[in-house]
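Chemist: Read off the chains here:
There are 2 protein chains.
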Amino acid sequence: MKFCSLCATPVVQKIPEGDSRLRYVCPGCGEIHYQNPNIVAGTIPVYENKILLCKRAIEPRKGFWTLPAGFMENQETTTEAAVRETWEEALARVKLGTLYTLFNIPQIDQVHLFFLATIKDGQYGVGEESLETRLFSESEIPWDEISFPTVKKTLQYFIEDRSNQEFPLRVEDIVRDRKT
Amino acid sequence: MKFCSLCATPVVQKIPEGDSRLRYVCPGCGEIHYQNPNIVAGTIPVYENKILLCKRAIEPRKGFWTLPAGFMENQETTTEAAVRETWEEALARVKLGTLYTLFNIPQIDQVHLFFLATIKDGQYGVGEESLETRLFSESEIPWDEISFPTVKKTLQYFIEDRSNQEFPLRVEDIVRDRKT
Ligand SMILES: [Zn+2]
Ligand SMILES: [Zn+2]
Numbered sequence: 001m002k003f004c005s006l007c008a009t010p011v012v013q014k015i016p017e018g019d020s021r022l023r024y025v026c027p028g029c030g031e032i033h034y035q036n037p038n039i040v041a042g043t044i045p046v047y048e049n050k051i052l053l054c055k056r057a058i059e060p061r062k063g064f065w066t067l068p069a070g071f072m073e074n075q076e077t078t079t080e081a082a083v084r085e086t087w088e089e090a091l092a093r094v095k096l097g098t099l100y101t102l103f104n105i106p107q108i109d110q111v112h113l114f115f116l117a118t119i120k121d122g123q124y125g126v127g128e129e130s131l132e133t134r135l136f137s138e139s140e141i142p143w144d145e146i147s148f149p150t151v152k153k154t155l156q157y158f159i160e161d162r163s164n165q166e167f168p169l170r171v172e173d174i175v176r177d178r179k180t
Numbered sequence: 001m002k003f004c005s006l007c008a009t010p011v012v013q014k015i016p017e018g019d020s021r022l023r024y025v026c027p028g029c030g031e032i033h034y035q036n037p038n039i040v041a042g043t044i045p046v047y048e049n050k051i052l053l054c055k056r057a058i059e060p061r062k063g064f065w066t067l068p069a070g071f072m073e074n075q076e077t078t079t080e081a082a083v084r085e086t087w088e089e090a091l092a093r094v095k096l097g098t099l100y101t102l103f104n105i106p107q108i109d110q111v112h113l114f115f116l117a118t119i120k121d122g123q124y125g126v127g128e129e130s131l132e133t134r135l136f137s138e139s140e141i142p143w144d145e146i147s148f149p150t151v152k153k154t155l156q157y158f159i160e161d162r163s164n165q166e167f168p169l170r171v172e173d174i175v176r177d178r179k180t
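Sequence order for the protein chains is A and B. Anchor point for the first sequence: position 165 equals 165 in the UniProt record's numbering, and the numbering is continuous, going up by one each time. Anchor point for the second sequence: position 78 equals 78 in the UniProt record's numbering, and the numbering is continuous, going up by one each time.
It is possible that some hints are incorrect.
All copies of an identical chain are treated as equivalent in the list; a pair is satisfied when it fits inside any one copy or across any two copies.
[Said to hold, decoys possible] When the alpha-carbon atoms are kept at most 25 Å apart in a straight line, the in silico DMTMM-like pairs for lysine to aspartate or glutamate are as follows:
#	residue 1	residue 2
1	Lys14	Glu80
2	Lys2	Glu76
3	Lys14	Glu73
4	Lys55	Glu17
5	Lys153	Glu80
6	Lys152	Glu80
7	Lys2	Glu31
8	Lys55	Asp19
9	Lys62	Glu31
10	Lys14	Glu129
11	Lys50	Glu160
12	Lys153	Asp173
13	Lys152	Asp173
14	Lys120	Glu48
15	Lys14	Glu59
16	Lys62	Glu88
17	Lys50	Asp121
18	Lys62	Glu17
19	Lys95	Glu140
20	Lys95	Asp173
21	Lys62	Glu73
22	Lys14	Glu76
Calculated from the structure, these hints are not laboratory results. Given the structure is predicted, the values throughout are model-derived calculations rather than measurements.
Generate the whole structure from the sequences, applying the supplied hints.
Modeler: Here it is, written out as structure tokens:
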């Protein structure tokens, strides 16, 4: 951020009164421009014991397999975001179950949420952000070609928990080096 | 948003190629300025069966009682945010339990998360954003002076669930009229 989005004055970094963190502050209009983490929401879409994965058509990790997921938008709920992303990436309509995994990824300012889901009618397709989509049985999952750590961990937990049909919420941090 | 925060050119609202939503786009440098929901994280701090509430010293809802909670910051986890807010507002150090409530509030682009928590040493104080803090037994909770619906619902669920000592995750939408 270099300029105030309200008045175009060059912003400065300072700690506002009563605050304890450096913020972008506008010396022109006084606006404090807060920056906060984003939520990525997705699903584990299941049909007849198989899991639907999408081969990414876009960077990052183009060509790798992912669970359908993406940035939550303003004016929607986390569950709406998860359902929407599953439709957009895999043209699958899902019935959502419970929230299953929550990953904190502080070094990239993201929180990832995955919900249990079943594909309503067994139908799916290839959305604009996917090269290919496919139902995988457990033994077919391409573990070496999974896009992101949060997707891999969600799949691992799911397969582990499916054997006893209990899916407790998992809250976990993915921590690498943080910016300082 | 009126100006690009990178180059100060006046932004326009348009649907970028491959997208389906109106975004603020910079005709100067091409940047798409996405806007996404924010996370508010907090705790239900308990000590010897009593719940710690904070009387808000700041707007909105100044003078009303709240659970300690606030906006999650970049470079932290949801759990770190919850612990930090409890320290800042109530000078209480807590041991976190599980995630207990998740509220979607699409009309204000927020997701609220409350974690179970116990106050480590029974010590607490009055943080800068609080006028007063106090441990409340169940019968003392000032139901008519609670700050926000998500705080009230979290307290109600907690008291209900405490009787059988099971605290399943609650995911709920708080929906009023949405912007269109
Ligand atoms: Zn300004
Ligand atoms: Zn620009």
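Chemist: Which numbered hints turn out to be false for this structure?
Modeler: none
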